[in-house]
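**Student:** With these hints in hand, go ahead and build the complete structure from the sequences.
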Amino acid sequence: PRLIKRYQPAQRPYVRQLITKMSTTPDLVIDEQSAKNGLEVVSIRHVGLLCSNLEKSLAFYQGLLGLKVCDDRPNDKLPFGGKWLWVGSEMIHLMELPNPDPITGRPEQGGRDRHVCIAIKNVNKLKSIFDEE
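Going by our numbering, the sequence shown runs without a break in its numbering and finishes at 133.
By construction, these hints were calculated from the structure, which means they are not laboratory data.
The structure displayed is predicted, hence computed values, not measured ones.
Honestly, I wouldn't trust all of these hints.
With a straight-line Cα cutoff of 30 Å, these simulated DSSO-like cross-link-like pairs (lysine-lysine) come out [what the hints assert, rightly or not]: (1) Lys121 - Lys68; (2) Lys77 - Lys121; (3) Lys56 - Lys77; (4) Lys127 - Lys56; (5) Lys68 - Lys127; (6) Lys56 - Lys121; (7) Lys56 - Lys68; (8) Lys56 - Lys125.
**Tutor:** Quick look at the structure:
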């Protein structure tokens with residue numbers, strides 16, 4: 001309830017605009033429980049990633065991985081820098097913020113921390129690029 005109250009569309013025109021643009025989708029339901037409650041969750045539409053340097057992050061996601069920037073998303077409507085990148089039919093929202101990942105209080109093993117997995121076909125090609133650096 002607190003999250004819903006925080007982002008009430010009436011108080012945030014941009015959120016209201018996004019909700020207005022949302023449409024139902026005929027995709028397969030991926031969660032049985034959400035089908036029971038009538039919501040029918042079908043997919044993740046975007047993932048928000050924090051970065052301290054948008055330019056360097058774009059060099060990786062856009063330059064190395066070849067993801068395309070979505071020019072339809074308003075990058076100037078939020079109080080911080082950022083870009084939206086297409087990953088198939090979903091998006092990554094890069095958000096440039098100071099000190100996005102503080103070291104203190106984080107798990108020692110990164111796999112148990114925040115992460116996103118991007119599927120690619122040629123892992124060996126990516127590995128060779130990293131090995132060259």
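**Student:** None of the hints should be skipped; say for each whether it holds.
**Tutor:** Now for the hints, and whether the structure bears them out:
1. About 17 Å separates the Cα atoms of Lys121 and Lys68, which keeps this hinted pair within 30 Å; it holds.
2. For the given pair, Lys77 sits about 35 Å from Lys121 by alpha-carbon distance, which is inconsistent with the 30 Å threshold.
3. Using a Cα cut-off of 30 Å, the hinted pair Lys56 and Lys77 holds, with the two alpha carbons roughly 22 Å apart.
4. Distance restraint check for Lys127 and Lys56: the Cα-Cα separation of roughly 19 Å lies within the 30 Å cut-off, and the hinted pair is therefore satisfied.
5. Between the alpha carbons of Lys68 and Lys127 the distance comes to roughly 21 Å, so the proposed pair stays at or under 30 Å and holds.
6. The hinted pair formed by Lys56 and Lys121 meets the criterion: a straight-line CA distance of about 24 Å does not exceed 30 Å.
7. Proximity of Lys56 to Lys68 is assessed by CA-CA distance (about 15 Å); at most 30 Å being required, the pair is judged to hold.
8. Our distance criterion of 30 Å between C-alpha atoms is met by Lys56 and Lys125, whose separation comes to about 20 Å.
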